[in-house]
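Q: The lines below spell out each chain.
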Amino acid sequence: MNKPRVRIEVSSLCKSFGKHTVLRDVDWSIPKGAVVGLLGTNGSGKTTLIQCLLGMLRADSGSVMIDGEDAWDLSAGAKARIGYVDQRPKFYPWMNGADLLKYVGAMYPHWNDALCAEYAKQWDVPLTQPFGKLSPGEQHKIAILTALGNEPDLLILDEPVSSLDPLARRAFLKSLLDIARDENRTILFSTHITSDVERVASHVAFLHDGRIQWFDELDVTKERIRRLRFRSKQRFPASFAIPGALHIQIDGSMAVAAVAETSDADIDAVCARYDASVEVEELNLEEIFLELHHVDA
Amino acid sequence: MWTRSYWVLITYLKRPLSWLFAVATMLCIFGPFYLIDGKVRSVDNDVISGDAIRTFEQLEAVLASDPAQPVDLDYGQLFSLASQKVFPVSRGETRYIGPEEQALIHASLQQVEGLKNVVAMNAGWAVDQSTIERIAKFKTLKRLSVFADLGYQSLDLRPLSNLVELEELQLGVINRVDSLKPLEDLPSLHTLGIGYAMILHKHGLDELASLPHLQVLSLPDLRGFPGLQDTVGKLKQSKTLQRINYGVSWDEADALAEVKSQVAGIRVAPSKIRGARHVVLFFALLAAAAVGFPTSQLAGQLSLPSSYLAPLYRAPHYLVAGLMIATLILGAIVGLIYVGANALTASSLMLCAGGLNFWSATRIPSKGHVVTKTGFVNLLIALPIGGAPFLVLASGFFRPMWMENYLMSGQVVVPVACLVIAAWLGWLGYRNLDSRLRTRAELGLPVVLTLNDFYSQSIDWASIPASAVPGNLQRPMAMKLPIVAKTALAVTLLSMPLRAIGYDDLGRMALMTCIGAAFVCVYLTGIKWWQEMPYFAATTTRPPDRMGHVNRLMQGVRSDIYGFMPLWLACVIAFGLLGPWQFDGLGIRLLHSFVAVASVTLAIYAALLWVLIIRNLIGIAIVLVICYVPCSMMMMEIAVLDRSASPLLSAITIILSGSAIATLSVTAIIFARQYYARIEWARFH
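Chains A and B, in that order, are what the protein sequence lines are.
According to our numbering, the first sequence holds residues 1 to 297 in order.
According to our numbering, the second sequence holds residues 298 to 982 in order.
Here chain A stands alone, though its shape is the one from the complex (with noise of 0.2 Å):
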């Protein structure tokens, strides 16, 4: 099997806003067409990761790297294969959605304006009113579309779907799955809510205490990282450990213990040593979010 290509690059990213230190030391590689879900908690640095990824906040060290650019650096072809919606999304208030989305796409040198009014039709997009004017969920849509009018190859998305109602975020994210079908397209979106991480994401990312915790596909992800009730006729002792355990909770003669890339050999080692039974259970992606920030379920 090849190794998928690294899309994005990120070596010992250090960034802190005066005493306050958002990123330590991050390492990621984000692969080419992977659909990445960035979980984190409030003030987890998500946004902060988000802009030194574009090279739109300077790091105090380390570096990123897209398509191989530095991305403090990127040259004006790279740029254009970026699409981008910011948490808060900032345009001219007086400005309505359809002139906003011709103004935007005459500084693209590729737009596709067919795609633009496609996505609007289906997401009941008001292009007429003034951007000021619209509910936060609608400028939400229209940064969207913004973001893919120049059908860009690498989609970041910070929390695209916080101020969508139900029904709307149900239909960005069939359209997303439209979107992501295309192999050489890579999108990153950072959200709260796993389950739309669920229901996109080919890869989930957790960041914690300034660190990426955990980076890998979905699937293997929820294959690794699994909860295991040991039940022993004997009390567990305060010592009792697990190799890859997140997050261990004792109760006399039970034992829960959220492990990650625990080997079944290992598993049987553990039962063997406490005289112990053990249920595996599989866990949603929330439980998984929950039990990596060691919060019981």
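No lab work stands behind these hints: they were computed from the structure.
Don't take each hint at face value.
Now the in silico label distances, taken between C-beta atoms and shown as ranges [unchecked claim]:
1. Thr736(B) <-> Gln129(A): 50 to 56 Å
2. Leu290(A) <-> Val320(B): 57 to 63 Å
3. Gly137(A) <-> Met323(B): 40 to 46 Å
4. Val320(B) <-> Ser63(A): 47 to 53 Å
5. Leu620(B) <-> Ser63(A): 35 to 41 Å
Don't be surprised by glycine CBs; every beta carbon is placed ideally from N, CA and C.
Take the given structure of chain A and dock chain B to it, following the hints.
A: Chain B only, in chain A's frame:
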């Protein structure tokens, strides 16, 4: 390219603030012009309106339709036409008009007496006794101007006592008048203009003091007539006189103060316009107004994420901002010329300076035959180029009349020469531009973007890293805004100490040199600004990194404060030595300079910070302050001179207005920085 530019232009045209700014800019430019112009305008001999009767055809038309309709009559113009008719002369030939010829011409003008309701009349340049008697027949006259007499005989003004409705009388270059006593019989005469001191020789100012209804009197400059000057005090005897327009410029404080001291209680205002000041004002306002809004709009546009990510974003935004600035400048020039300011010469000088800048920015610096990029060589070139237009203006304060002859006389030699030079420099700069820009980029020198670059940017530079793209208009623009504003203001303000210092005293010359050194220091701090603000570069302007700009801006501010230090020290020392009590002398001017320079500088920094950071209505309001401040400085000077009879009031005016601006500015700077630090953090958390 044009599609992109069109959509950028739309962002200006559809933005309500643009129109608000345009109106405010026009008010800032034309308002002070009218205010100052009204305040210092020379005695206006032209009492008739633009639609006065000036030709025989018009005269006959009025006589045929309704001779009783109220009209203004340009009798002098008709006299010229009649003299041509009676005594035709070929071009270049001159003809002596003696009393006999004069009589014949008057006879040919008999028909004007058919007009029954002449309200205003310009009697012209060849007035004799017959003319006076004819004028006396127009009993409906309210305004009359007699520009010159023929000088054959003394004029007897007694017939004018028939003009019971006459309110305003302007006597221009009249040199032989028996007496002004007959004017006492004019019951409505409240405004009298005396254009030539000879008319007063016989009776001095006694007769003027006895005019029973006189409220406004315009006097010529009497400094060459010591006998007359000493009798100005007699005007205090007038019970009705409220204002004297004295025939000096408003920067001739000593002459004004002399008259004011003699006629305490009567308002004395200068009546001569010092045109060069208009030019300076024009420059200061234009620099601030024309650059202010497009720059702030551009800063706003470049703060959007698209500015970094959309590959063709920057070029059309620069282009349109440049076009907006050019349009504003052109509009202001045309407007000012239209309302009477002779801005053509100044504009052509500015264009010439622009050509020099363009040529300088695109040339390959060399020493001998060796291409060099040494900063010293660039500095040697940049300093005179940057300072040239301002030095020209500054020389206007050394030799005001010389400058006015060139700047304000409506001559065409200098403008045409400047335009030719500008065109030549433009051609020199444009020729082989691409190859020279490439060489400059290789040398690491600043490179301006050309229109061709705009077109080919996406194609040629698609694979080049952004930092390697030559050209960055925002940086020079951002650097030049404070430099131009500061320099223009410095020149404006230099006038006061320079006039006070004089040219013959070595000690004072040393002080002037000190101020000049500060002026140069301020210019040089531009280099510091350049060094401290690398991220002002358009290619690296990332919206969330504006805090970095602010911090570097503060470095620039600090360096400027150091640059201003010699001026401040000089002011403090001179202040200490001479004292603020010399309100009509150096003290008041230095006080004025000190407060004005400090407050204006702070106001500019505050505006820059707000424009960079906030970009909303408050930011725009501060930009308007930039436009307002130079005007207020000019107003303050007028106020000082007008009130120099009250030194205390002058000092209070200066200190209060200057301190208010300074306080507001400092508050704005501190608040802007704190505010931005807060929202910078909030943006991410």
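Q: A separate judgement is required for each hint: does it hold in the structure or not?
A: So, going through the hints one by one against the coordinates:
1. Thr736(B) <-> Gln129(A): 50 to 56 Å: Since the Cβ atoms of threonine 736(B) and glutamine 129(A) sit about 51 Å apart, the hinted range of 50 to 56 Å holds.
2. Leu290(A) <-> Val320(B): 57 to 63 Å: holds, 59 Å
3. Gly137(A) <-> Met323(B): 40 to 46 Å: holds, 41 Å
4. Val320(B) <-> Ser63(A): 47 to 53 Å: The hinted range 47 to 53 Å holds for valine 320(B) and serine 63(A), with Cβ atoms some 50 Å apart.
5. Leu620(B) <-> Ser63(A): 35 to 41 Å: At 39 Å between Cβs, range holds.
Hint compliance for this structure: every hint is met.
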